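*Asks:* Please model the entire structure based on the sequences and the hints provided.
Take a look at the letters that make up each chain.
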Amino acid sequence: GQQVMQIPQYQHVQEGEDFTTYCNSSTTLSNIQWYKQRPGGHPVFLIQLVKSGEVKKQKRLTFQFGEAKKNSSLHITATQTTDVGTYFCAGEGAGANSKLTFGKGITLSVRP
Amino acid sequence: NAGVMQNPRHLVRRRGQEARLRCSPMKGHSHVYWYRQLPEEGLKFMVYLQKENIIDESGMPKERFSAEFPKEGPSILRIQQVVRGDSAAYFCASSRLVADTQYFGPGTRLTVL
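Protein sequence lines, in the order shown, are assigned to chains V and B.
Mapping to my numbering: the first sequence position 43 is 37, numbers consecutive.
Heads up, my numbering is the position in the second sequence plus 13, with the first residue counted as 1.
In case anyone wonders, no lab produced these hints; they're calculated from the structure.
All figures in this text were calculated on a predicted structure; none of them were measured in a lab.
Don't take every hint at face value.
Only pairs whose alpha carbons sit at most 20 Å apart, straight line, appear in this in silico SDA-like list of lysine to any residue [to be verified]:
id : chain 1 : residue 1 : chain 2 : residue 2
1  : B       : K57       : V       : I1
2  : V       : K51       : V       : V78
3  : V       : K30       : B       : A101
4  : V       : K30       : B       : G55
Rough simulated footprint, nothing fancy, chain V against chain B, three-plus residues with beta-carbon under 8 Å [what the hints assert, rightly or not]:
id : stretch
5  : 21 to 27
6  : 54 to 67
7  : 109 to 115
Over 10 Å on every C-beta distance to chain B, these chain V residues come out as not near it, computed from the model [what the hints assert, rightly or not]:
id : residue
8  : H6
9  : S20
10 : T22
11 : N25
12 : G35
13 : K45
14 : E48
15 : V49
16 : K51
17 : E61
18 : T71
19 : L94
Yeah, the Cβ is synthetic: ideal placement off N, Cα and C, and Gly gets one too.
*Replies:* Given below as structure tokens:
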């Protein structure tokens, strides 16, 4: 079955540093979505990428979908303590009626 | 437009009791998903339902767990004879179309004593 992988599971950065994390799928995806879960909260949708090579920005966050539509990256510029949380990617398979498969997430901590 | 609602938010049960978790999807959403999240772990898919139908239950334990999404009313995740290992946060999500953006509820945090 389809697998979506996020490694590592935890990352610690100093406030102000940049942060990049990656998401890799075992199969080609039709789209990929990113969610953020704050400590004690629930996952919240951030963005969806559909086109090969697509890049989208949300303030300091930059999301990219790979050319082969099998991987994605999230880059945060100049991290802030408000960026703390777990970031999940979720990929939809390319077949009909494919469901969304979530990665295990990466938990980001930011040292002030 | 109310978001996904889950209740109760916190549930405490003793070993052997039953736990019933409820989820009301967003208005206009007919697809419901249940996930389990253990402390310090990611989201584990359990089951995907559409109105009155279980579409995919590949992540659901074969025993003690069941889910339904009746024509009227909320989706229910039922755990019979709970054990300590069932302690977790259970999130429900809904979407308008299959594999569309999923909107998550606040979760039910189950503690089994």
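*Asks:* Beyond 10 Å from chain B, beta-carbon-wise, is V/E61?
*Replies:* The claim holds: V/E61 sits with its nearest Cβ about 22 Å from chain B, beyond 10 Å.
*Asks:* Straight-line Cα separation of B/K57 and V/I1 no greater than 20 Å?
*Replies:* 16 Å, holds
*Asks:* Run the distance test for V/K30 versus B/G55: straight-line Cα separation, threshold 20 Å.
*Replies:* Distance of about 12 Å is within 20 Å: holds.
*Asks:* Can the stretch 54 to 67 of chain B be counted as covered by chain V under the rule of three residues or more with Cβ-Cβ separation shorter than 8 Å?
*Replies:* Result for this restraint: holds, n = 5.
*Asks:* Does V/H6 sit more than 10 Å from chain B, CB to CB?
*Replies:* Answer for V/H6: holds, closest chain B Cβ roughly 15 Å.
*Asks:* Checking one constraint from the list: CA of V/K30 to CA of B/A101, max 20 Å. Satisfied?
*Replies:* Given pair V/K30, B/A101 holds - Cα atoms ~19 Å apart, limit 20 Å.
*Asks:* Between the alpha carbons of V/K51 and V/V78, is the straight-line distance 20 Å or under?
*Replies:* Holds, at about 18 Å.
*Asks:* Does the no-contact call for V/K51 survive, Cβ to all of chain B over 10 Å?
*Replies:* Per Cβ check, V/K51 is outside 10 Å of chain B; nearest 18 Å; holds.
*Asks:* Please verify that the nearest CB of chain B lies beyond 10 Å from V/T71's CB.
*Replies:* Given a closest Cβ separation of 25 Å, the condition holds.
*Asks:* Tell me if chain V covers the stretch 109 to 115 of chain B under the three-residue, 8 Å CB rule, please?
*Replies:* Holds: 4 residues of the stretch 109 to 115 of chain B have a Cβ under 8 Å from chain V.
*Asks:* Is it the case that V/N25 keeps its Cβ farther than 10 Å from each residue Cβ in chain B?
*Replies:* Non-interface label fails for V/N25: nearest chain B Cβ at 8 Å, not farther than 10 Å.
*Asks:* For V/E48, which was marked as not at the interface, is the minimum beta-carbon distance to chain B over 10 Å?
*Replies:* Nearest chain B Cβ is 16 Å from V/E48, so the label holds.
Of the numbered hints stated above, those contradicted by the structure are hints 5, 11, 12 and 19, listed in ascending order.
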